[in-house]
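Asker: First to last, the sequence lines map onto chains A and B. Counting in this note's numbering, the first sequence runs without a single skipped number right up to 85 at its last residue. Counting in this note's numbering, the second sequence runs without a single skipped number right up to 162 at its last residue.
Incorrect hints may appear among the rest.
[To be verified] Okay, derived cross-link-like pairs now, PhoX-like style, lysine-lysine, Cα gap no bigger than 20 Å in a straight line:
no., chain 1, residue 1, chain 2, residue 2
1, A, K24, A, K42
2, A, K56, B, K132
3, B, K132, A, K42
Rather than coming from a laboratory, the hints here were simulated on the basis of the structure. Computed from a predicted structure; not experimentally measured.
Below, each chain spelled out in residue letters.
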Amino acid sequence: MAMTEQQNLMRRLQVQSFAIDDIKLFLDTHPNDRLAMEYYQKYRHLREQTMNNYVKQFGPITPDQVEGTDRWTWIDTPWPWEGVL
Amino acid sequence: MEMNNGMPGYACVPAVEVPDVSAAAMTRGETPLDQLPLAMAYVPMQKFGETYDGLRALERGTIFPDLDLPFCGRGVK
């Protein structure tokens, strides 16, 4: 079954978040490793882009991503236990 | 030589002569384990090397092929 755009973005977020978590563990013991730092910054940037893209199209993933003063949009999207993604 | 690293009453364990074992011998399972001192673990420092692409890393549980070492409960040839 083809992934929806939303599922696709969420999967990319998971992939990029995992890469960041793992390189952080490496950096904890190799804080001056230049290649590892480049890897970290690359994925941090990618994740930021994916996150902005997702939030703009499909709403906040965490409550602190609710923008503006019009409406508390946090309640507009399904709850995690509703199993939409 | 001062053998006490700030632990009052406890001298450091004297260094034990570790038998010289080649990497090749270790790979063949010829490590003389009974000649090594008890309770000493050895963890080589990882070097930043090859990385998996993102999706594969998520599937394998690590971004490093070097650390992708599934335990199969038996020797792997």
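Asker: Each of the hints needs a verdict: does it hold here or not?
Answerer: The hints, checked one at a time:
1. Distance restraint check for K24 of chain A and K42 of chain A: the Cα-Cα separation of roughly 13 Å lies within the 20 Å cut-off, and the hinted pair is therefore satisfied.
2. Taking the CA atoms of K56 of chain A and K132 of chain B, the gap is about 39 Å. The hint is violated against a cut of 20 Å.
3. For the proposed pair K132 of chain B and K42 of chain A, the alpha carbon gap of about 19 Å is at most 20 Å, so the pair holds.
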